[in-house]
Amino acid sequence: MKLCIFDLRRGQHEGQELDKILYFFPADLPFPTQLSVIGLSEGLITFTRIFSPEAPCEVIEAEMHSHVFYEAERDIWMVMVVEKSESEAIWRTAALRSVLKEVHSLFVMFHGSIRALLDREPSGGLTRTHLYYFIMDYLSDFLSGKKLHLPNFRDSLKERGMVQMLTIGREAALEVQSLVRVLESCAGCKQSYSLIMFQDLLVSTTLSPDDLINLFTYTVMRLTPNALSAGASSWSYLRKGSTTSNASASLSTSSNSVLDRYYNSHDTSPVGVRSYQVVRPLQHEKWSKGKDGFLVTDIWGTEVGSLSPSSPTIWLKQTEERMYLCAFQHKSLTIILLIPVTSVHNGEQGLSVVKQQILENASPKIFKVEEKLSRGWGGENAYHVSGYRYLLVDGDKYISRASPPGKVATLTKDSLVAMSKLREEVDLEKSRAKCDGSDCEKDQEICIRAKNGAWVISRLTRGKELYMVLEKANETLLYASEAVEKFSDRYCSGVFSL
Amino acid sequence: MSAQASSSQPSGFGSSGALSHVYIQYPPLRCKISGARNIFYDDGTKQLIVPTSDQVFCWKTTPFNPNVTPSSDQIGEGPVLSIRFSLDLKLLAVQRSPHEVQIQNRESGDTFSFKCRSESERILGFFWTDSPTCDIVFVKTSGLELFSCSSGIRSLQLVETKKLNVSWYVYTHESRLVLLATGMQCKNLTGYQISSVGIVRLPRFDMAMAKSEANSKPVLAAEDIYIVTVYGRIYCLQLDKIAMQLYCYRFYRDAVIQQGSLPVYSTKIAVSVVDNVLLVHQVDAKVVIIYDIFADSQVPVSAPLPLLVRGFSRANAAASQLMGQNVEGLEGKDSNHGETVIYADEWVFLVPDLICDIANGILWKIHLDLEAISSSSSEVQTVLEFLQRRKLEANKAKQLCLAMARTIILERRPVPMVARAIDVLVNCFSLSIKTGKHHMGSKVERSSTTSGSNVNSAIDESISQADTSEKPPKQESGSGTQDKSIVKSSSVTSESEDNVSFAKNRGKSINVDLSSSEQNGGNLVGTDVSGDEAQPSVVRPQAPGSGSTPLRTDEQQESLVTSAAISPDDLCSFVFAPIEEEMAGDSSYLVAIIVEFLRSANLERLKVPLNIYVLMIQLLARNENYAELGLFIMNKIIEPSKEVAMQLLASGRHNFQTRKLGLDMLRELALHHDYVLLLVQDGYYLEALRFARKTKVNTVQPSLFLEATYASNDSQHLAAVLRFFSDFIPRFKSTTDHQTYSRYLAEMNTMVTA
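Chains A and B, in that order, are what the protein sequence lines are. For the first sequence, the working numbering begins at -6 and goes up steadily by one. For the second sequence, the working numbering begins at 22 and goes up steadily by one.
With the rest of the complex left out, here is chain B (with noise of 0.2 Å):
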């Protein structure tokens, strides 16, 4: 879906005329109801959901359509401070107040609820798991509780407490791993990572915070951490809005390493992560700035352009105002599309790649242009390494880096550079094959040893538990497009989630609790965020971090993925062959390029279609560089094959050195009855006799030996083939050809006496 939209703007402007490389596409999903009081998103399901006064409604967010039409759950009367379905969508937990839960079977509509033993503690925020230990976590100002339910049980089954003085939390169901908050300043942070593979705590460490004068003792808000999850990593971003800098650090199974900075330009900035693109919102200088954090560079992949919205237009609006009525029923009057105010107060951006204008009801999906990216940048280099990173719209990535290739091979660009590129598109095609991800190549070989270079070291330290399990393609055999080559997720093959296509691939999913962030999320120090007129009706939690988590987000869908990974065979078909015919008047500049492509595929062990070997004679012959060419197969630089050999004779049929080169290479192959023809066609009847004969060939007609023999008008040879035949074959002389040629023999004999 994104992938047509983005295509119909080709030149990566938007419909403004605006250049942006980020950009949300109209229409969007629009979950207005009447008598709504809130918007959450549980990012464990998926879901949008909007609670009235007695019934929830939701929408599914993957894949992401607009048109969804929402389900709907009846639940109790009463105040909602954060809602989520458990994973198996059996369940519907809803905090009612900083002491409640309630969770009800959404099947047989039985509720029972969960209380605070004790006063003196407060609920900050619950979520579910996939942990196969426990199926709902709360956290308290106390610590964690980790309880089992069943949901035939009208009860919960403590597992676990973990004691901490927590003052608020974070969590994505994309990490599985929830932040605590201890501490005077809150800066004091500690994390478990509850997912499929068992708990994991991490070691306790603090955050950085500059000082904006010197006995200041400044506090963390929640809403300045963000868990991000890029590449199967697992960061945490901190904003230190006296420093400027967005914090960087890595989360390790066992150490939390700060990982460099990102300038910020604006005191107010959102996270999102699209296809393991990190965006940073500079939300009052209206920009994006985009890094692909992949190789810990902290370079911006592109200069900051503004976001902005796709695909509408006037004739759009009208359209999708008539249309509107239907979806929009619900929503009354306000659907006034006319401008869409960017990254306005109302937006809530939600992990990772949503936002939600809670204002009006809208919630925007964020895509990137790759295009426009791809264009922006003449490092080709780094372009194409970040085009096959990408996921989500691999198949675009992928024909923009052949396009590229293409393009690049067309200016003459240096040979190294193209090199480069070249380089870049074969490893990271070997890579997917390694990880197993390429899967149309049914055809793909590797070619003999396979050196047993390791995948990616850097990946595998992350944090999740599943590492050891992952990187061996052993997993694959489920997944029937795995994807990302992230750690964690393999672990998680019993996600609960029914969303399909993602639960079958994927334990990854995160979820994120936005609870904290922006306007709903209660601020730690209990003052109350002034409410948004948009949502008057929600109860704001007096605890610090509520902990409700009012909206979720999905992670990206996966189902359509394949890799941008480029196989030998592509490059050749889409690449090669193609620019062959306008590269006609300089052949060389091609070899070049060929030679480096074969260079790069010899280093990862990849097979070469053999064409690209045709290719090459073709264009060495073209230009009559013989000399050349007989190296190249001398080094087997061209390896020896059927169509390699018929293809040195074809050329060869201005260059004699070069069909014997052909010639040579049939023997080698052991394609005798080849080689005998050709050597009786070239007139070197007798040698063929002699080889035929050692080789056991028989499938040469004996007539074809006889008519080069007679054309050669040598008696003594027409005599002798005449007589090997007539003592190697059994009742040759019967045959019409013994005729024939006996007479000829006779009559060649009369003449030369005569």
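Pulled out of the complex, with its shape left as it was, chain A reads as follows (with noise of 0.2 Å):
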């Protein structure tokens, strides 16, 4: 697998092509090579942007060689390059891409954009350092063993960039809704947001969704409990289980002479990297909860002149605000208050205020709230429908559900196989779609006997997706029409009973 982030608009001179790359992975691969992956990216983007200057190149297909494309901001491109040759190498594009748009939006929620970083430092070092560090951390959670782990057909009934609920009762749901309120009330100021997760599920949000997405993400990454207890199972897509805080320095050995390259080559600055703090979000088994309940770490380094650390803080997209990151974590409930840095006054010692508010309004409710969600929690198998293995997406509301990943791993292989070609031949009507223009949702309904007789099908609606598998079940399309359909009343309210 090769990674590379470049910027256009960098190196256009002869002698310069260094200066374009931000990022390569693997970082010690010979620079000619690197350049070589970005000059064949380069041109193809040039030559596509003839035809389509909007939406120009998205996907090389070689014969051993997948390149994905994605325009993480203006002229600025990653581009991931898989290989085909391994019987696990069955891979759908827009997976792929998923990983490069997740990766980039959550550098963007810490750091900011790519490009304002590099106007800030036009050298390009601080930019590199900072996408070094975040990259190699998030690629350590696609680790097993010594070998990346990608998402393959095997993750084809699994959604990246979607939001997991927990469905509560109207009871619950009036209870947290009131928790919420409260907590904004602590945080003391309107511009505030929450987001509240019991396990690794989302129960309220008062984010929009890109932000949601973001935050929602990390949050199952590196806050939940289940998160803060390393090694321990996991049954989110978002986290291996086998990750180890020793797979990201496998990953990143010699970094500093890996970085040192790009100057050493070309002495365009003399700024060496060691001399850019690096904040590092990402990095393994920095979080822990502390005493008093809310979750602590050190990767934003420790305050000027005290040995507290301090406060994380993340970019809201949505309003373009830096916003302190509190999170309290009671039992399975963890709770997410965003405050704009703007607005708390002293910094530390203000927010130290607002988590003294919390512990004193909110804490009532918080249990409460724990304790009810508890009670009515069925379980990592909740969602699990029997005879069904299913992927739900709600692309209004960024919202997924899906069969436990445990059920999912039941399929065979052809089924899944089957499964990742029928999503990659959704994946292009839909976009063919978009670039009619035409902003009507057309419904549509695939349904195939794959190979060993499996039914797999996929049904949209107007922004709503199903797709489904069913094993072992009866040959007729009538039969597995009426699964869906059954599938559908019961557990989506009708909607995809077409």
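If you are wondering where the hints come from, they were derived from the structure by calculation, not from laboratory data. All the given hints hold, so there is nothing to weed out.
Within a straight-line C-alpha distance of at most 25 Å, the following computed DMTMM-like cross-link-like pairs (lysine to aspartate or glutamate) qualify:
#	chain 1	residue 1	chain 2	residue 2
1	B	K717	A	D482
2	B	K184	B	E121
3	B	K715	A	D482
4	B	K663	A	E164
5	A	K358	B	E660
6	B	K663	B	D685
7	B	K53	B	D75
Chain A stretches covered by chain B per the calculated footprint, using a threshold of three residues with CB under 8 Å from any CB of chain B:
#	region
8	192 to 201
9	481 to 489
For each residue, glycine too, the CB sits at the ideal point set by N, CA and C.
The task is to assemble the complex, starting from two chains supplied on their own in separate frames and drawing on the hints.
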């Protein structure tokens, strides 16, 4: 696997080509190889732009490789190259692209946009350092053993960039909302946001979808009780159970030398890597739960003149505002409060006042909500529907729900490959509709009988998608269709009953 | 009446500009009769009775009307120690001496006498009852004697006797409870409740008394004992002048339990009950302390403030002086309105809420100024609870509660505080419909499961026998305005008073015997209390505890009572809707409040009106909190309904996702016609067609589909839709629609081929 990020606006003069490389994985690849990957990509982008200025190249399918393109920011491209040689290497382009998209949005949440970083420091050293550590830490989540395990056909009943929600009853929902309002009042300002999670599932939020997905992803990766207890088995696709702290180390050995190479090779910047203060929000095992229930980390360094760690901050996409991230955990309940940096006076001191407020005013409600949710919690297989392996995606609300991974794993390879292919088709269809520019969301239904006799089904209706594998099912199409209908009526309030 | 009166004092200030929470309203009822020898109050019939040498004048005190004209009866000459009408008002009993009571049939004028058999015993007093077994009870030094009496028969039949050496007694008709004091110190009390459900004997109990000196043996006086009825519970208050405490005993059917004490700041006190609020008049200090002992809290409701006269002004005085000539024709000259002396020595406090100025023949009714009380405290929750318990001026209390709710929201008080306030209102409403008191609530629905929580455990053990029959709403059928949550009442359907409004719903009028209290009661030691100049003609009984019942109180009028409970509908229309505009800038705060309201209502399983959901959607959409709105819909915090769906569609004009929520809701509610129509409008004509076929919607005009299809400029679709209607609608081919669109289709096809 290769992953690179480059800026089309940089290194346009001969001899300065290296300048356009912002990130390359594996980092120890010789520059000529790096440049050849980037050169090919750049060439294709430039070429395809002639025909489609707004949406140039999306993917190159070569015999041995797939190149997946993603224009993260204007003229800043991310390209992922995956090999097709192995038996497990059956990829779905959109799934790979969603990895690129995810790492980029997470990066922006913590560091701001790449363009802004480049503008701040044109030499690119700061950007490269940040990207390097960030992506290394991010990729370490994909490590299993020594190998990077990218989403392949086995993940075809998963959807990245979506939120998984806990289904709760009205009474619990009202309690939760009541808690949300108390939290807001604790924050003491109107522009604060909250996020409440139970286990790895979202319960409530006041964030807009874009920011929600980023924060949700990060929370599941690093903050929920499952994430905190490292090594515990995980059932969320966002986290691999086997990740350990030395995993990222294995990816980023000799990091300094790697980064230094860019500067040594062409003496544009006298600034060495070591002079940058690097915040690594994705670093493993850096968060822990404090005595008061608040989660603490030293990722953001320590405050000047004190031993206490600085509070984490993130950027919100919607309001373009910098927010303090304040996380509280009680048993399975994780509560995140985002407070605008500008509205907190005295920095840390102001924050500790807010925390005090939460402990004093919100604790009873937090306990109550936790108790209520725990009582109604059906465990990690709560959303399993026997006989079905499904993925449900609500594109409007950015919510997905799927059969638990353990259940999906029981499917045969044939079924999963078929589903992967089917999804590829659907993706294509969707992007075509998008290109046509019609905002009409067409209903669509595909039923495929796979080689092993399984039914592989997709149904799309007005922004909602249902993917389903029915193994050991009856052979008639009618049966399959009725099975979908039944599922739709019972679990989707009839959305897919066409 | 009282509501009007006090609302004329909006700020809670008396006419003198001073602050008060309790007031007496000018003009009072005047009962001055020339030749009057004394003033009695019959609390069984709630009449003020003034005997002259040969007749008695009676003023009804409920409803309290200062201009009521007295009725009169002829009675024989002779001393009147006490006088009471039978509960059906047919008989009049007059105690002529410590040994004789005369009973007179008011219609026929027949009289007969009841006399003590032995000289050694004396009649301390008597009272009429609504017990099924007896009609009149005589309290003698030798105990109780219960008699039945039919008006036709010229004698009494002895039903039962309770032997006991009685020093003095206290009785109120309100509680139906007679307390008999025995023993050297008179602190050993025995109680009987004689009500329509029978006779209950209370366990004997001792009053605690502080000693001034080590070996002194203080003697408990009747005037230091008050029977108080609040919230249907019966309490006995005992004044301990040495300890300066007012001990509070609560009567249960099988026990008497001391429940704390109230401090007193005056050696002379008086106790009134207005609308279940206990007023302790600190007579020397000339202030009233208000207690609401609903939750056994001994904390005063508000700071001690003086009792004031309201509605009295010079002009007023002059006017009433003129008018007074008529009313007080009998009264003679001394209508000096000048200064009403508050807590004059001649004041007698009648149970539960009247004050008789026996010197001037004036009867005052005590009122609470709910507005002043509510504005005196910053504890919104407590004030609301207090107001919600008020029955007498229920509407006023309700309006005050609504105003307070509006105010705290407009003042942006912290959400938890507002939430607690809303909790109080919602819980009170829930309680009121559980006990069936809420009447206007024909449309009040409880949502699904009623949690089986029982009403109120504290109340039920109250002494009354009736309690079992009481709290389930079965008795409600009979009473139109069933009010108090009180226990004992229900029993008394046969209340003989013909005070209509009252008799019908409540058995528990209490007949308080004031006899021994204050001026005219005989002191138990037998020392003749100095007669007041005002009533020189009273023949004072020498006996301890004359038992005469000179004055009687009636219970508050309850005919007008509705409950102060505020339904969710009221909350929406009088709190949320009016403030919505004013809160425009801060809709998230209002949303937070509404969430708390919904939570509260949900806990009590109350249905909330749909417009609160509509309002909520508007608020969220105004702030563009579409994500939250989606969450609210998904979690059914905003419950689905057609109105909600329509509002979602309207608010979704600028947000497609929200519009979809509305559409989905229509589908889930099986409002297929609307759903299909909207799908067509949005250009999803094929989906609409498919859905219409599946759900058998045939009310949408084909032309709508055809129009939409034609607008999409897709000849294939147009052909398909035309074909669809041709196949599924008989005779479609002969309609103009078919012709028109077939022509369009042909044109489109030629254009394509061209």
